[in-house]
Amino acid sequence: MKYMAMVGDKEFTIEINHEYEILVNGERYEVDFRQLPEGSVYSLLLNHRSLEAVVEERDDLWQVLLRGELYEVQVQDERAYRLARARGTAVSVTGEAVIKSPMPGIIIKVPVAAGDVVKKGDTVVILESMKMENELKAPRDGVVKRVQTQQGASVEKNQVLVIIGDPHEEG
Amino acid sequence: MREDGLLTQKFDKLLIANRGEIAVRILRACHELGIRTVAVYSDADRNALHVRYADEAYHIGPAPARESYLVIEKILDVARRSGAEAVHPGYGFLAERAEFAQACVDAGLVFVGPPVHAIRVMGDKLMARQTVQAAGVPVVPGTEPGLNDEALVAAADQIGYPLLVKAAAGGGGKGMRPVYEPEALPGAIAAARREAEAAFGDGTVYLEKMIEGGRHIEIQLLADAEGNIIYLGERECSLQRRHQKLIEEAPSFVVDEELRRRMGEVAVAAARAVNYVNAGTIEFLLDKDKNFYFLEMNTRLQVEHPVTELVTGVDIVQEQLRIARGRRLRFQQEDIRMRGWAIECRINAEDPYNNYLPSTGQITMSRLPTGPGVRVDTGVFTGYEVTPHYDPMISKLICYGETRAEAILRMRRALEEYRIMGVKTNIPFHQHMMESHRFLSGQFDTKFVEERFSMNEREPADVMEAAILAALVAHRQGQQASQVVAPGERDTSNWKWYSRWERLRR
Numbered sequence: 001m002k003y004m005a006m007v008g009d010k011e012f013t014i015e016i017n018h019e020y021e022i023l024v025n026g027e028r029y030e031v032d033f034r035q036l037p038e039g040s041v042y043s044l045l046l047n048h049r050s051l052e053a054v055v056e057e058r059d060d061l062w063q064v065l066l067r068g069e070l071y072e073v074q075v076q077d078e079r080a081y082r083l084a085r086a087r088g089t090a091v092s093v094t095g096e097a098v099i100k101s102p103m104p105g106i107i108i109k110v111p112v113a114a115g116d117v118v119k120k121g122d123t124v125v126i127l128e129s130m131k132m133e134n135e136l137k138a139p140r141d142g143v144v145k146r147v148q149t150q151q152g153a154s155v156e157k158n159q160v161l162v163i164i165g166d167p168h169e170e171g
Numbered sequence: 172m173r174e175d176g177l178l179t180q181k182f183d184k185l186l187i188a189n190r191g192e193i194a195v196r197i198l199r200a201c202h203e204l205g206i207r208t209v210a211v212y213s214d215a216d217r218n219a220l221h222v223r224y225a226d227e228a229y230h231i232g233p234a235p236a237r238e239s240y241l242v243i244e245k246i247l248d249v250a251r252r253s254g255a256e257a258v259h260p261g262y263g264f265l266a267e268r269a270e271f272a273q274a275c276v277d278a279g280l281v282f283v284g285p286p287v288h289a290i291r292v293m294g295d296k297l298m299a300r301q302t303v304q305a306a307g308v309p310v311v312p313g314t315e316p317g318l319n320d321e322a323l324v325a326a327a328d329q330i331g332y333p334l335l336v337k338a339a340a341g342g343g344g345k346g347m348r349p350v351y352e353p354e355a356l357p358g359a360i361a362a363a364r365r366e367a368e369a370a371f372g373d374g375t376v377y378l379e380k381m382i383e384g385g386r387h388i389e390i391q392l393l394a395d396a397e398g399n400i401i402y403l404g405e406r407e408c409s410l411q412r413r414h415q416k417l418i419e420e421a422p423s424f425v426v427d428e429e430l431r432r433r434m435g436e437v438a439v440a441a442a443r444a445v446n447y448v449n450a451g452t453i454e455f456l457l458d459k460d461k462n463f464y465f466l467e468m469n470t471r472l473q474v475e476h477p478v479t480e481l482v483t484g485v486d487i488v489q490e491q492l493r494i495a496r497g498r499r500l501r502f503q504q505e506d507i508r509m510r511g512w513a514i515e516c517r518i519n520a521e522d523p524y525n526n527y528l529p530s531t532g533q534i535t536m537s538r539l540p541t542g543p544g545v546r547v548d549t550g551v552f553t554g555y556e557v558t559p560h561y562d563p564m565i566s567k568l569i570c571y572g573e574t575r576a577e578a579i580l581r582m583r584r585a586l587e588e589y590r591i592m593g594v595k596t597n598i599p600f601h602q603h604m605m606e607s608h609r610f611l612s613g614q615f616d617t618k619f620v621e622e623r624f625s626m627n628e629r630e631p632a633d634v635m636e637a638a639i640l641a642a643l644v645a646h647r648q649g650q651q652a653s654q655v656v657a658p659g660e661r662d663t664s665n666w667k668w669y670s671r672w673e674r675l676r677r
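Protein chains in written order, with the working numbering: chain C, 1 to 171; chain H, 172 to 677.
Read the hints as simulated data drawn from the structure, not as lab findings. Glycine included, each C-beta is placed from N, C-alpha and C at the ideal position. Hints should not be assumed to be uniformly reliable.
What the hints assert, rightly or not - What follows is a list of derived Cβ distance ranges for each label pair:
{"id": "1", "chain 1": "C", "residue 1": "L36", "chain 2": "H", "residue 2": "G649", "range": "15 to 25 Å"}
{"id": "2", "chain 1": "H", "residue 1": "R252", "chain 2": "C", "residue 2": "I106", "range": "34 to 44 Å"}
{"id": "3", "chain 1": "C", "residue 1": "E135", "chain 2": "H", "residue 2": "T541", "range": "29 to 39 Å"}
As the list claims (entries may be wrong) - Covered stretches of chain C (in silico footprint by chain H; criterion: 3 or more residues with CB under 8 Å from a CB of chain H, positions within the stretch not fixed):
{"id": "4", "region": "17–31"}
{"id": "5", "region": "35–45"}
{"id": "6", "region": "66–80"}
{"id": "7", "region": "102–110"}
Isolated chain H, as found in the complex (with noise of 0.2 Å):
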């Protein structure tokens, strides 16, 4: 084991501690590199993908994640019953756990991921920011965390407004809060710091200055335990709702040749000041004269990973396995290149038409678009559960075209193609924003969804069609309910032969 808490070395059988789209998508890397694999499940999963695809699973209790896919014992019980000599944490739960990587380590188990230091220093706001400054990485100004109401106020007028209240443990926009005016702020602080509290039971939070007009540029990175890093290009990001990313794509709009090359350089500087391994991403903030400013590094697998994927042929997750068996890297920085565009919909189950209220209920149906430039990575399967228990996403439909014009028409044509019922889901969202004019022409930033991006404006296409079918089966199933209440017709009893008939429906 390295001094910061790294193991590389070798291994058969591999822990995946998560669940859904990405708990699949790594059984999958590991199937094609011959691992084998062992799955956790809750209550809520027994019937889950990532259950049935795995060579093994194990149950580690009821529903909500914190009695489950969050106990670090339960897991690594898992692993010693199993004999699985490494784990993968995918993303969200203990993904960025400084203490789960820790004890990953301590138990002998290679974990997929950075160095525990790394983690540690990145996790943290404050140091990550100093860390990576001393690197000559460029910030964004603002406030340490861990100041009181009073100093936090004060420090904002200083600041200047806009300016973003974020938890300090934050992540996924979870406890964060836009502050337009001295007055506001007060109760965003309260807010934040109640979102902060229930999502990671910590209320510390800090102020940081709003780049308006600004794009969430982030720049894929791999680095091997020999201390070879690279970037694998840039993903734009920009198309958020309350911090949350809907839309990702690669290459970016606004990011030229040159542009890439700089801000990979320097988000390797970032990376090798935390002498970081495996992959990871450095997130940056571009304001419209094209300067940049470091905000976060993720350190570990991201949910958009796979449109870097298809424009760079590289499968991160294979990689991220090679590199934590102690594999050099397979490429050197001038084997990258991008060809094409990818675009990512994040289909969540949520109703575009009211305010993105979540949706849950029983999928009853899901047959997912296919053919040329598509790819869907999912963990819903007809007859899944949405609950409140897990996150909203459904599935990442990611496509992929020679350019961007025909990457969204792929995307127009998969959308129009998913058939998924059961929930609300934000397809619609996502057509609607395939048509307009500011995302085509690539004109948008951080805030066009909430600010400037409306769906009142949308007019379905099939209302009257709508219309008809709903009558047509309302009429064929009075006539068929007519027929079984008709008296003598049949010598076997109408009740039975309308639960055969139902059957028959099935």
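The shape of chain C in the complex, shown without the other chains (with noise of 0.2 Å):
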């Protein structure tokens, strides 16, 4: 089987097809690769390099804790991968970028409204929670396309507050 694997805007191809070896990008590993008991911790000898991670699935997104670091990986298999090429759904750096709370808690502020033009880093809402001021800020450039919420709204985990478009989008 042949897998895409997205980590940020590294991709690396992966292909597995015995239990001892995998291809990746083309370059043979040898893998030993168990899941122990203790929930979903793996040990994985990769060319016998000892790794021990905790991967978990989450909103479609693998969670792979190594070494400390959290990192977010989207698998594809080829075909899913094709389809969604195909489609235009693929994760890309163009199209809406979606600014959702959080965490519950209330709107202190959104400095934003539909139209105005932003930069990436631009404080876009600001939301109180854990009697902290937290500042939501644009993940890129672009334009605001609408404003969910409002000052004083009180919000749940997840909920969307502001979308914004591609700059060069009209309205």
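Join the two chains, each given in its own frame, into one complex according to the hints.
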């Protein structure tokens, strides 16, 4: 089986044909891969390099905890990857950026309005939660397409607050 | 009872008016000293460690703290019902509320902390400043609290920029705003008032000159009811973000024996000015020229007390309990020696790669680092729910070494060993800091994290390995799923088999 694994802007082609060896971007690796009885803990010997990781699936992403770092990996088999490409729904830096509430809280301020041009890093929502004011920033340059909340509103985790579109899009 | 509201007497049963790691810390000290313990818990904490570790536990209401852990009558009611003779407030919640300490002593309960009067004076920024100033303790220039916005703006020009807007009832950086130019002042005052109102129910603010390049150094004190006060050396707490401490160490890289003695003696004088008893901390701002200014006194146990415990060998919580039982200090100043180096990393549920946004959810796995020189204080366990109701600290990871370098190497090793899953944590932030040249060379101030430290340059080391692991797990799961739906191969029904397999997997 051939898989495409994406971590941030890095992409790997991983071919798994046997229990004991894989091809990563065409390069051969010897593997010994075990799931431990302790929940989602895995032990991998990769060319004898010993790696212990916790791997869990969440919101269609694989979360991999490895040496303190938490990686979010999107894995698609070759067929799904091609289909997604064809439909244009593969991970991409264009299209809408959706600002969701990362936790329940109260909206203190929405310093942007629909139609505003925003730069990456601009504050688009100030959310109070855990007694702290948290500034939610624009993940990239663009134009505010929609503001779906207002000052004083109580919001749930993952509620969509603001949608940012491409700079060149109209309206 | 003393006139200033101090009650010390022997007790055998103590109520812990707190939750989380600090409640567990206090429980441990009590059990070591043979004191029976009473825990209180909200709806959110029935399964919490502090409930399970305690000898007895009582429900005190819904998850929001203001309906449970902050309700004085409920705590006192549990003390009555359980027959507790003393109360330890921990930190946060009711720990620095004078009316709580007063209510305890009025009910005949020993409050494990300072006299009511000392809490009251040190809890009021203005009174605290005036009191310690009169005792010869240097303070940072600033205004009194309670001025209206126009008066604050006028005073700001006299103090000069940059300055800080601070909440009179504040603490932990809530309601605090730095201001670098006059145009930003009105907005900062409004934001600080709003945050202070939300956090403390009191929007009173004041201004204080900002000492640039300053380091936050604090002195740990112990005082008994007979008036003996000693200092247990300093803690370096400059690594903060939004005035929330993230990393603390003891001793400080910049404090030598001579400066330690001077700061220690000034701290003792400040405590003596309020007839302080029990454990307390004087926070100082130390400028580039080694001048130091009184910031405030924390009239309670501090989050970061373990680093002092590791380098002095003194169990601060046990000492608190002994002092509250009316015993004389077992140490004199010359008995206190700092040996080795200790560093604490606060592990928070937040995303260091996304503006440190708090992360909530269920902890699906918690395996703590262990081994030489490692201590973890935590209230979190597998299945624990990180909610917005309480603070986002998951644990305190504390490492000890003979030297600072050894402590740092241990910390790197321990951070790598830590397995915590279910929420995002700031472990990568700590790893990045432990590799930063500025941190390694001890060259940082209270602005370092916010202004000169970035996670953007961090290149996680094992991207390909993570991709491989995810693909292997996805592959295995896909194969198992396809076996489940393959028809006619097993005589039991596929659904039955699938649920068995699911159970096996857990």
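Tested hints:
{"no.": "1", "hint": "C:L36 - H:G649: 15 to 25 Å", "in the structure": "holds (20 Å)"}
{"no.": "2", "hint": "H:R252 - C:I106: 34 to 44 Å", "in the structure": "holds (36 Å)"}
{"no.": "3", "hint": "C:E135 - H:T541: 29 to 39 Å", "in the structure": "holds (37 Å)"}
{"no.": "4", "hint": "17–31", "in the structure": "holds (count 4)"}
{"no.": "5", "hint": "35–45", "in the structure": "holds (count 7)"}
{"no.": "6", "hint": "66–80", "in the structure": "holds (count 9)"}
{"no.": "7", "hint": "102–110", "in the structure": "holds (count 5)"}
The earlier numbered hints are all upheld by this structure, with none contradicted.
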